[in-house]
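Build the full structure now, drawing on both the sequences and the hints.
The residues making up each chain are set out below.
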Amino acid sequence: GAGVSQSPSNKVTEKGKDVELRCDPISGHTALYWYRQSLGQGLEFLIYFQGNSAPDKSGLPSDRFSAERTGGSVSTLTIQRTQQEDSAVYLCASSSQGGAGNTIYFGEGSWLTVV
Amino acid sequence: RKEVEQDPGPFNVPEGATVAFNCTYSNSASQSFFWYRQDCRKEPKLLMSVYSSGNEDGRFTAQLNRASQYISLLIRDSKLSDSATYLCVVLRGGSYIPTFGRGTSLIVHP
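Chains as they are written, first to last, in the numbering used here: chain A, 1 to 115; chain B, 1 to 110.
Worth double-checking, as some hints may not be accurate.
Stated by the list, open to error - What follows is a set of in silico ranges between Cβ atoms, one per label pair, in the way DEER data are often shown: (1) A:G16 <-> B:G16: 46 to 56 Å; (2) A:P8 <-> B:D39: 12 to 22 Å; (3) A:T113 <-> B:S28: 34 to 44 Å; (4) B:H109 <-> A:T70: 32 to 42 Å; (5) A:S38 <-> B:G94: 41 to 51 Å; (6) A:K17 <-> B:R59: 43 to 53 Å; (7) A:P61 <-> B:P8: 15 to 25 Å; (8) B:S52 <-> A:T113: 35 to 45 Å; (9) B:G94 <-> A:K57: 25 to 35 Å; (10) B:L80 <-> A:Q80: 40 to 50 Å.
Derived by calculation from the structure, the hints in this document are not laboratory data. Since the model is a prediction, treat every value here as computed from it, not as a measurement. We put the beta carbon where it would ideally sit given N, CA and C, even for glycine.
This is the structure in structure tokens:
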């Protein structure tokens, strides 16, 4: 595909359940980001992958959150034991490489609602 | 102090008006700057990069003031379709992680 692809686009889950969100970056992009955006709020950085390097996990809000990126391409963000405050849109983005001068392109997001 | 700060607005302007937003950043080591546009319930999309010398793209002009640590976005001849939230994005030198401001909401009315 031409752009960043995310799935599911919408997910409603019960409190305490685990969820997995998938991101397929633009082909050839080595940098991949996860952000989340709560209603009316700004984008909150979660995690950054660059090639085969160890990810920067400094933005993950708790140990219930984890992410992996297999084969330098597709990434999965996992939220365990979901809480209502996890409700947000989770945005994945990619760029040809991280750093200055590289535009990042966002997917349409996965809208998560925890009930 | 937040790393990137923006007036949330909303800025409510008539069609044809000129409107300007500022964004301040706290880290003097910041090196790259961008404006993104986000429509309601949509993903952010790059509007324009901000260069040291300033840059213009049609009705949009972006400027950087390093001494005062702010960037600006000027929109001339506003259109209804310009209604959106404008996000200021800053990348610190040596960092790979862009920091987003909370955005400034623009509403252009007939």
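Evaluated hints:
no.	hint	result
1	A:G16 <-> B:G16: 46 to 56 Å	53 Å, holds
2	A:P8 <-> B:D39: 12 to 22 Å	21 Å, holds
3	A:T113 <-> B:S28: 34 to 44 Å	40 Å, holds
4	B:H109 <-> A:T70: 32 to 42 Å	48 Å, violated
5	A:S38 <-> B:G94: 41 to 51 Å	29 Å, violated
6	A:K17 <-> B:R59: 43 to 53 Å	47 Å, holds
7	A:P61 <-> B:P8: 15 to 25 Å	23 Å, holds
8	B:S52 <-> A:T113: 35 to 45 Å	43 Å, holds
9	B:G94 <-> A:K57: 25 to 35 Å	18 Å, violated
10	B:L80 <-> A:Q80: 40 to 50 Å	44 Å, holds
Taken one by one, the earlier hints fail for this structure at numbers 4, 5 and 9, listed in ascending order.
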